[in-house]
Amino acid sequence: MVKRQAEIKGTSARAMEKELNEQLANLHVFYIKLHNYHWYIKGKHFFSLHEKFEEMYDKTKTHIDEYAEQMLTVRVQPLATMKDFLAASTLDEATGNEGELDMVNSISLDLQKMSNELYEIMEQLEDKKALSLADAIQEIARDFQKDDWMLRAYLDKNNWIGFCIGKR
1 MVKRQAEIKG TSARAMEKEL NEQLANLHVF YIKLHNYHWY IKGKHFFSLH EKFEEMYDKT
61 KTHIDEYAEQ MLTVRVQPLA TMKDFLAAST LDEATGNEGE LDMVNSISLD LQKMSNELYE
121 IMEQLEDKKA LSLADAIQEI ARDFQKDDWM LRAYLDKNNW IGFCIGKR
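In terms of the working numbering, the sequence shown opens at residue 1 and continues consecutively.
Certain hints may be false.
[Said to hold, decoys possible] Mimicking DMTMM-like on lysine to aspartate or glutamate, the simulated pairs with C-alpha atoms at most 25 Å apart in a straight line are:
(1) 42 with 127
(2) 42 with 17
(3) 113 with 17
(4) 18 with 51
(5) 83 with 127
(6) 128 with 100
(7) 44 with 100
(8) 157 with 84
(9) 157 with 117
(10) 157 with 65
(11) 113 with 127
(12) 128 with 117
(13) 18 with 98
(14) 113 with 58
(15) 113 with 19
(16) 18 with 93
No wet-lab data here; the hints were simulated from the structure.
Make the full structure from the sequences, and use the hints.
And the structure:
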């Protein structure tokens, strides 16, 4: 039986907390970006993209809650203010002036970045036996990869930035 760790300990705990909170911040910025695009989408694909962006922000909201709660289970304090999210995030905010293809491309790139970074964190958590948080992260990353695949198909492009086929 594998012993599940109830707390992330050791000298790398601070670095792990920083990485976990960076991804939580990315999730929040991504959530707001999806709202922005949902509200400001224009063009011939308005109806389909308006609906898709809403579906994605609803899923992201659920991911945020699960992710933060799992952080708390391993005694890592999640960030909880917009100021902290903006300071910690590595994603760019939306302006609302993007065209529909730029919106879809931006979301695709964010999904690729976040899923790659989440998998890296997941591997570290597995080494520390923080398996419930690692499992939650894997679920989020898989969901992001599926959405990215759909968006790339929509754009009719295969831009696998930093992602190796078969790695996961």
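Hint check results:
1. 42 with 127: Distance of about 46 Å is beyond 25 Å: violated.
2. 42 with 17: 39 Å, violated
3. 113 with 17: 19 Å, holds
4. 18 with 51: This hinted pair is violated, its Cα atoms lying about 34 Å apart.
5. 83 with 127: Distance ~31 Å between residue 83 and residue 127 Cα, so the pair is violated.
6. 128 with 100: 42 Å, violated
7. 44 with 100: Status holds; Cα separation ~9 Å.
8. 157 with 84: Distance of about 34 Å is beyond 25 Å: violated.
9. 157 with 117: 22 Å, holds
10. 157 with 65: 32 Å, violated
11. 113 with 127: Cα-Cα ~22 Å, so holds.
12. 128 with 117: 17 Å, holds
13. 18 with 98: 31 Å, violated
14. 113 with 58: It holds: about 20 Å lies between the C-alpha atoms, which stays within 25 Å.
15. 113 with 19: 14 Å, holds
16. 18 with 93: 20 Å, holds
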